[in-house]
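J.: Could you use the hints to bring the two separately framed chains together as a complex?
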Amino acid sequence: MSTMSENAGKVSAPVTESVAATQLRRLSAWRAFEIVLWVAAFAAIFLLPSHMLVLTEIAIVALFAISLDLILGYAGIVSLGHGAFFGLGAYAAGIFAKHIYAEPVTGLFVAAAASGIFGFATSFLVLRGSDLTRLMTTLGIALMLAEVANQMAWLTGGADGLSGVMVGPILGLFEFDLWGKTGYIYCLFVLFILTCLARRLVNAPFGLSLKAIKGNPVRAAMVGVPSRRRIVAIYTVAAVYAGIAGALLTHTTSFVSIDVLAFHRSADVLLVLVLGGVGYLYGGIIGAIVFTLLRDWLSVITPQYWMFWIGLVLVIIVVVGRENLGRWHTFLPNSLQERLARVVNWRLGMKLRGEQ
Amino acid sequence: MTAALETRHLVKRFGGFLAADDVSLSVEQGARHALIGPNGAGKTTLINLFTGALKPTSGSVLLDGEDITGLPVEQRVKRGLARTFQVNQLFREFTPLESVVLAVNERKELGGSAWRPLVAHGEAVDEAAALLERFKLSDVMDERTSMLPYGRQRLLEIALAFASKPRVLLLDEPAAGVPEDERHEVLNIVRDLPEDVTVILIEHDMELVFSFADRISVLVSGALFTEGTVTKVSADPRVKAIYLGEDA
Ligand SMILES: Nc1ncnc2c1ncn2[C@@H]1O[C@H](COP(=O)(O)OP(=O)(O)OP(=O)(O)O)[C@@H](O)[C@H]1O
Ligand SMILES: [Mg+2]
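Each protein sequence line maps, in turn, to chains A and B.
Under our numbering, the first sequence has 331 at position 348, and the numbering climbs by one with no breaks.
Residues are numbered in our numbering as their position in the second sequence, beginning at 1, plus a constant of 319.
Just chain B, with the same shape it has in the complex (with noise of 0.2 Å):
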């Protein structure tokens, strides 16, 4: 089976910095894949590099098998990759209503429509509306999203993420700056995401990542350090003393 998501020999430099260092990873279909390291491993940055919102230095990126490495990040979107961002990425001035009628209507290729209001594309106004239901929003879809709690927002990020029918979905610390009581919400969404989607999750909270993944990567200085099962990654002393060392 080829795998979901695959790159091979990645590399990318800032300068003379080595942010992605040689790193050659796959990801099985309907896979939990969790991506750890210590702050300023280069999580972050290889996501851009899977959505193209950076170039690597070298190396290349397979989605599906197919190569992707020179599709711009709105092709890359259509073909079924989707992302959260670690720092809110939204539309403030939208209601979560319009951003996600937008994410809807892009991915029905609705976009360029110009002559009939929105509300005339019923399929995608209804579809929004049961994504709102889902990401638990429907009460807010008419508030202006700058508004809401963050934990809303966060909500929102995976929400908008979702509406584009990803097949691989890349979560980038979604609880992160989330208040504690507002947490589980978060965490229950990313629980129960259905099992076809592939999901990549970075996260530091280490009890939510053995619970989630069934596979981990733990990436350090840019390189792959190591990676495996949760039951192997989890006994390993070297990833421990990572952690204990650097994060706790």
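For reference, chain A alone in the conformation it holds in the complex (with noise of 0.2 Å):
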């Protein structure tokens, strides 16, 4: 990966680089519990060759919720209808494997276009307006577009789902297996090529000025920033990213069902969110690992009411507050507690001056 080893590269950079420069490359240097994710989520494909269903699942959710964080921890746009990119681009992906072209890597470039596409119409929406008319103008749109999938049931299948997709080997090459082993490899490549791009689009100046919107808008436009276009621009980019997302699932279950419209993606993807936090782009991923963790769990030991268990948690971490739950390393020692600390914080690259 590129961005790693410019940064191991820069290590011994010059001594005498800026202050201002080093606390800036501190930003985007790459974290330890980054590359500890990785590690492990590409040692899962050794370690848990019988739970590559799971994972895959985890990978196609996780890359569904960056796409949400990108607009709504980054500029901030609340969405309840962010399942409709995630849907158009599953039944792009579907439609044009089982007509067209059976190769998945071509499909998901046309499902990225559709919902680009898509993206970029229906962010002239939420451009203005408060919270509460975003919510609305993204959950009609979804529904609209759940009623049109429905209605042309020629090409979709209608509620019957779209069957009969055969997807080919990737990139002719390898062919999905019965265990999935092909299929998580294939998701968890998309998931860390487009991860590793949404980094670069968010440590650089454009992620910086999604922020400033989010962070104060009148002060933002008084320094210059052009608010719509940066929000026209990461609203399609996030439609992209949930288009690929949709496009993974039909490739890895060759079958589009009606339900990647319902309105329970869009609100499901945002508990994912919320649960992993928003604006780190990790929040994503880590989200939607305690959330099919838990909720396989707790549906093995209460089967019945496991949405009751996930609610519990949802409403702890809105109303004690993530940073609140986060503090309980403040009842270790001292001593423990500089440790902890030095570990996560650790990052590639240079040491701040004072700093040991």
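To be clear, the hints were calculated from the coordinates, so they are not data collected in a lab.
Just so we're clear, the structure is a prediction, and the values are computed from it rather than from any experiment.
Where is the CB? At the ideal position from N, CA and C, for every residue including glycine.
Only true hints are included.
Over 12 Å on every C-beta distance to chain A, these chain B residues come out as not near it, computed from the model:
| no. | residue |
| --- | --- |
| 1 | Gly335 |
| 2 | Asn358 |
| 3 | Thr376 |
| 4 | Glu385 |
| 5 | Met466 |
| 6 | Glu492 |
| 7 | Val509 |
| 8 | Phe529 |
| 9 | Leu543 |
| 10 | Ser553 |
Think about it this way: if two alpha-carbon atoms lie no more than 25 Å apart in a straight line, the pair counts; the simulated PhoX-like pairs of lysine-lysine are:
| no. | chain 1 | residue 1 | chain 2 | residue 2 |
| --- | --- | --- | --- | --- |
| 11 | B | Lys397 | B | Lys484 |
| 12 | A | Lys197 | B | Lys427 |
| 13 | B | Lys427 | B | Lys484 |
| 14 | B | Lys397 | B | Lys427 |
| 15 | A | Lys197 | B | Lys397 |
| 16 | A | Lys197 | B | Lys374 |
| 17 | B | Lys455 | B | Lys427 |
| 18 | B | Lys484 | B | Lys455 |
| 19 | A | Lys197 | B | Lys484 |
| 20 | A | Lys164 | A | Lys81 |
| 21 | B | Lys397 | B | Lys374 |
T.: Written out as structure tokens, the structure is:
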């Protein structure tokens, strides 16, 4: 990965680099937890061969949640209809594979384009207005799209779903297997690449301007940030990401259910992101892991009402606040606290002055 | 010579309330122009009309002779109009460094670049560092803005406005709320602003106004009450009456 080697190469960077540059470099440096997370995700290919399906599901949900984080966590745009882009991507990939070309990577691009165009077109509807109007607008768009898919049964299969989707080998080389191993590797690669791209985007001046729009729109305008253009851009990118997540679902299941456009997709992804935390890109991944494992675990011990417990966790997180929950470490002895902080905040790259 | 900033018959109504009443004002290039008036006179409203935060009910605003009345805020900034706010408008979650880098990036049209990290845009970083130095914020550049003492936050307000290299700088009570012992730092910064930048200052401290400005406009109930040189306005008994009657 280029970012990684680029940063690693600069460990011995000029000693004369300004303090300002060093501090900014730290913002985009890879952190310990990121590296651990990716190593674990790739190691799972070999270590957890019997859990490929659930891991695949986590990867897809994670990508979908990252996509929501780009607009919610960075630009501050709330959405209750993000599932529209997911569903559109899923259908685009399914219809393309069924009627035109079965190779999945090509299908990803098609799905990305379809969702991207739809995202661009609808972005103009979320430019203005309060959170409530945005929630209602996005919800309304998603509901309309679901109904359109339902009515266009000749193309989408309607309520029965789109079946008979034959997905070919990836790049003509790798066949999907019965255990889902190829599927997981495929999804993981896509997730990794898109996360790295999103990382670049949010760490670049573009990402800073998004955070500025979210943080204080009045001042953002007053330092010259063209908010409307930036929001259109990130909304389109987020739609592309969601569309690709939907396409991954189609490719790994060879089927598109009308359920991809259901309201609960949009609600779940919001829940996943809030579980994992907004505004740092990894909230989507961590939320997807927590949500999926919690659901699987709870539905074994309390099959009838696992949603109750998910709901309880959600309420606790929102009411108590993540910062307060995250303060459990203040009960540890001081020396241990310091060490812990050092490990968590450890970054690839150079050290700051006065920091040993 | 065309005026740096000019307004023609500017009117702003909030419902039935007249907050700007036919204001025609002209500020020369490089001027130090003070805008004074009692609380609620409409000084901040006027600034909001200059910058585009508010749209006028009627009338027009000209920057360097060009009509900018229809332009959105960020395009006026690009044309060289910047302001500070009476009540801090900062990026509370950002560090001063990030805030200033943002402002410099936007001025350099780098804000849309989505590939290379902030640090890779070296010129912008160096410029931001120099600005922080100039505004005495270097030592706190890596702290969260919301944690800074109020005086420092006021300096950052000015630094952010200054980062967009304005030709006309609007300062809305820059020292408001700053504790006495930090005040002089803010005022020194205001005094040391480069001469070629046109400065419009709103301030209630008459001593400061008289020492800083070369021209003064007095605003009362949304309308221009009088305008002139410092000597003229400071000697005007009606101005004294307004200030003694309503503000002192
Ligand atoms: N958005 C608004 N809607 C309605 N009325 C407003 C609005 N903004 C300002 N006003 C009113 O316009 C009048 C002028 O307000 P403004 O803030 O411009 O005064 P000011 O001269 O800056 O006063 P101060 O010295 O207290 O800052 C006030 O009476 C205020 O209540
Ligand atoms: Mg005011």
